[in-house]
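Chain order of the listed sequences is A and B.
Residue 121 in the numbering used here is what sits at position 134 of the first sequence, and the numbering runs on without skipping anything.
Residue 122 in the numbering used here is what sits at position 135 of the second sequence, and the numbering runs on without skipping anything.
Think of the hints as simulated: they come from the structure by calculation, not from any bench.
From a predicted model like this one, the values you see are computed outputs, not experimental measurements.
A hint or two may mislead.
Identical chains share a label here; the pair holds if one copy fits it or two copies do between them.
Claimed, not checked - The calculated lysine-lysine pairs, modelled on BS3-like cross-linking and capped at a C-alpha distance of 30 Å, are:
hint	residue 1	residue 2
1	K65	K126
2	K112	K16
3	K112	K97
4	K161	K65
5	K105	K16
6	K161	K112
Number of protein chains: 2
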Amino acid sequence: MNESIIASARQRAIEMLSRANIVLSEEEKQNIEIADLGMDDIENVGLEIVQYINNERYCAKELVEFPWQICLEHRHPKVSETNPGKMETFRCRWGEVYLYMSGEATPNPKARVPEYYKPYMTGWKEVILYPGEQFTIPKDTLHWFQAGPEGCIVSEFSSPSTDENDVFTDPRVKRV
Amino acid sequence: MNESIIASARQRAIEMLSRANIVLSEEEKQNIEIADLGMDDIENVGLEIVQYINNERYCAKELVEFPWQICLEHRHPKVSETNPGKMETFRCRWGEVYLYMSGEATPNPKARVPEYYKPYMTGWKEVILYPGEQFTIPKDTLHWFQAGPEGCIVSEFSSPSTDENDVFTDPRVKRV
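All chains should be built: construct the whole structure from the sequences, respecting the hints.
Given below as structure tokens:
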């Protein structure tokens, strides 16, 4: 991504967070991570991240997704004897989010996935989250999510984030 | 506390959360914990808690404090070889909160503590948090906090909560 795409995505995320009445410091606004997952297609794929805290015990973030933007399928495998892999809870704060994971496929899911990405979306068990609803991803389970037509803001509460250990289904992804 | 005091405190917390645009499910609203710390003086002491998640890895809550309401001084000691004690980050979402802990006392602190509680407030190092500001309490450190004139809403991100292990300075406190 070039600098102007990053700046524009960041500005758009700041506006969505403001609309949802989530207050950030100026420093936090300027540090919003624009993660395109190596696809250089931020309109369709990636996420915008405000990381509040990530220490050795816990992690908390706001995740912003533009309308129909997708966070591609991945899982958080066991890392070591003392780290069983990241565990995470998604709480929808604004908009709507369609969450998918391994398991019995939901008929007529709400997601709209461009053909280019579809081959690497294997989990189609759907959970829809509206504001005030939340879901905890089962351990080491493949999952992905897509915002609805207005985009979404999701709080993520979790054990520590170690992005370098995430395993994506699509081999084209570059996370870190 | 009798049932009508609890119901009224819960309603007041619901209104404050709504004013801050924090969306809760109906079930969450009805389950807001009204913790008076055994003092039966909820106007002055205690807190109103929405617990989003508390599992074996992490915990996330919204804490509501009425105007000038105080969460009394306590610490989270080491529990066992595998549990070094609760670690927590407070992020102010709405209003203002005055946080105090052990360390060099701040001159002219903003807190207004009723005489009945003052003997058990030992930490006077002040950190003031406005919306968008946060602070992580150092390990096993005595701390307490008081809302400002409009009350406050604070997100707490932490390692798992085990209230029964909290150690309060005031021997009159009953937490669990």
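Structure-based check of each hint:
1. Proximity of K65 to K126 under the C-alpha cut-off of 30 Å is found in both arrangements, the shortest distances being 9 Å within a copy and 27 Å between copies.
2. Taking the closest pair of Cα atoms, K112 and K16 come within 30 Å of each other only across two copies (29 Å); inside a single copy the shortest separation is 34 Å, beyond that limit.
3. Taking the shortest alpha-carbon separations for K112 and K97, only the intra-copy value of 11 Å comes in at or below 30 Å, while the best inter-copy value is 51 Å.
4. For a Cα distance limit of 30 Å, the shortest separation of K161 from K65 inside one copy, 20 Å, qualifies, whereas the shortest one across copies, 39 Å, does not.
5. Taking the shortest Cα distances, K105 and K16 never come within 30 Å of each other, neither inside one copy (32 Å) nor across copies (39 Å).
6. Taking the closest pair of Cα atoms, K161 and K112 come within 30 Å of each other only inside a single copy of the chain (25 Å); across copies the shortest separation is 45 Å, beyond that limit.
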